[in-house]
Amino acid sequence: MKFAKFAVALALASTAASAQVNDGDQKPEAALPFNMAPVATFNLPWRMAFLPDGRMLVTEKVGPIWLVTPQGLKRPVLNYPAALYGGQGGMLGIYVSPHYATDNTVYLTYSEPGTMGGISGSSLALAKAKLVLNDSGTPATASLDNLQVIWRDGARGRGGQFGAAVAFAPDGNSLFLTVGDRQRFTPAQDPNQPLGKILHLTLDGKPAADNPYAGKTGAKSVGIINPPSDTEAAKTAPTVYTYTFPGQNMTPSEVWTTGHRTPYGMAFAPDGRLWEMEHGPKGGDELNLIEKGKNYGWPLVSYSTNYNGVPIPSPDSRTDLTKPVIYWTPVIAPGNITFYKGIAFPQWNGSILLGGMATMTLNRVAVDGAMAKPAERWSIGHRIRDVQVAPDGTVWLLEDSTTGGLWHVTPK
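Residue numbers (our numbering): 1 to 412.
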């Protein structure tokens with residue numbers, strides 16, 4: 001029954017409105033309706049995840065993972081995997097299993113180092129491990145045991161924009177993983193490569209049975225490019241080496257949607273619809289309602305221009321591609337998104353909360369079924385990478401900085 005409800009919700013997503021809203025010039029509210037209290041600081045924090053008891057797991061892009069109390073006491077989590085830090089890569093996402101109460105499992109995303117074709121680089125990996133907490137030890141400890149990489153992009157190479165966001169399906173039996181285009185543009189439209197896609201996988205990293213191309217395999221080998229810059233020139237960048245899959249190329253069977261650039265945020269709404277947030281280049285940040293099998297257009301179209309000023313065709317020119325529900329030109333540079341559910345801010349229930357790193361704002365987007373519209377934008381003076389809701393309904397923010405703050409948001 002749960003799976004049936006999940007499938008119905010995703011089918012309902014096809015009723016999304018066709019009118020797009022540009023929220024780039026929204027003005028901040030005159031006053032904040034909340035208090036922000038600093039709790040702890042981190043070196044380039046990326047993502048946090050709440051345990052049922054209210055403690056948090058926090059990743060730092062440079063490598064460590066921390067167990068953090070609501071009072072800011074930090075305990076290192078040992079046995080985390082090696083990640084290649086640099087640019088937009090490193091230790092990225094951490095996510096608590098929907099079955100954590102019985103399996104104590106957490107999921108990690110990170111840039112896994114490796115050399116391919118004589119070129120050192122990295123690529124996105126998804127791993128799961130058992131979180132073991134010894135709270136009574138002297139000292140108390142935390143560690144990741146039995147870590148298994150359950151999915152990886154074996155092609156390696158260079159470039160940022162890993163994506164690396166995970167959202168568990170409402171029935172708790174599968175997950176969705178965003179894979180960025182790695183600043184290479186063209187792979188986002190190549191069905192043989194996972195880059196620029198949202199994948200739908202089982203909890204063990206296998207292709208989900210209800211994917212649009214379930215059972216289909218791809219090319220045995222693909223050419224890998226390492227463009228010198230994140231501009232239109234990437235479309236004509238030469239192949240620097242050929243990657244051959246070690247077995248069958250299951251990419252087509254894994255793909256849920258295509259045509260994404262930098263999908264840093266993804267979350268399910270209370271009604272079961274899946275929403276995703278991604279960066280555009282010079283303009284064109286997007287909030288997308290994710291629909292099975294759809295193509296979201298990158299790099300064919302965007303409400304933006306390239307960093308070097310070369311125009312990109314408008315999504316209005318391609319009726320065969322799916323447009324964002326909201327876009328931001330100029331950009332806000334969003335991080336993660338989360339749906340608010342709680343009693344601390346009842347007026348926000350069912351809304352999306354997201355940070356704007358470029359605008360240094362916290363933003364609320366009102367959501368009603370397949371519709372979304374900008375609500376408030378609050379200027380808070382910090383580059384917010386992640387927003388999460390604690391079990392008690394209060395809001396927590398992570399700041400993108402080498403002295404990145406963990407902030408506790410409570411009602412005034």
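By construction, these hints were calculated from the structure, which means they are not laboratory data.
Heads up, the beta-carbon is just placed ideally off N, CA and C, and yes, glycines get one too.
It cannot be assumed that every hint is accurate.
Stated by the list, open to error - Pairs of lysine-lysine, PhoX-like flavour, derived with a Cα cap of 20 Å: (1) Lys235 - Lys282; (2) Lys216 - Lys292; (3) Lys282 - Lys206; (4) Lys216 - Lys206; (5) Lys294 - Lys341; (6) Lys292 - Lys282; (7) Lys294 - Lys216; (8) Lys27 - Lys292.
Claimed, not checked - Label pairs and their calculated CB-CB ranges: (9) Asn22 - Asp368: 49 to 59 Å; (10) Pro33 - Gln248: 47 to 57 Å; (11) Ser314 - Lys292: 23 to 33 Å; (12) Pro38 - Thr141: 20 to 30 Å; (13) Thr102 - Leu78: 15 to 25 Å.
Hint check:
1. Lys235 - Lys282: holds, 17 Å
2. Lys216 - Lys292: Holds, because 16 Å separates the two Cα atoms, which is no more than 20 Å.
3. Lys282 - Lys206: violated, 35 Å
4. Lys216 - Lys206: holds, 13 Å
5. Lys294 - Lys341: With Cα atoms ~28 Å apart, Lys294 and Lys341 exceed 20 Å; violated.
6. Lys292 - Lys282: violated, 28 Å
7. Lys294 - Lys216: Judged against 20 Å, a Cα distance of about 17 Å means the pair holds.
8. Lys27 - Lys292: violated, 34 Å
9. Asn22 - Asp368: 49 to 59 Å: violated, 19 Å
10. Pro33 - Gln248: 47 to 57 Å: Hint holds: Cβ distance 53 Å, inside 47 to 57 Å.
11. Ser314 - Lys292: 23 to 33 Å: Distance hint for Ser314, Lys292 holds at roughly 25 Å.
12. Pro38 - Thr141: 20 to 30 Å: holds, 26 Å
13. Thr102 - Leu78: 15 to 25 Å: Given about 23 Å between the Cβ atoms, the range holds.
Checked against the numbered hints given earlier, the structure breaks hints 3, 5, 6, 8 and 9 and satisfies all the rest.
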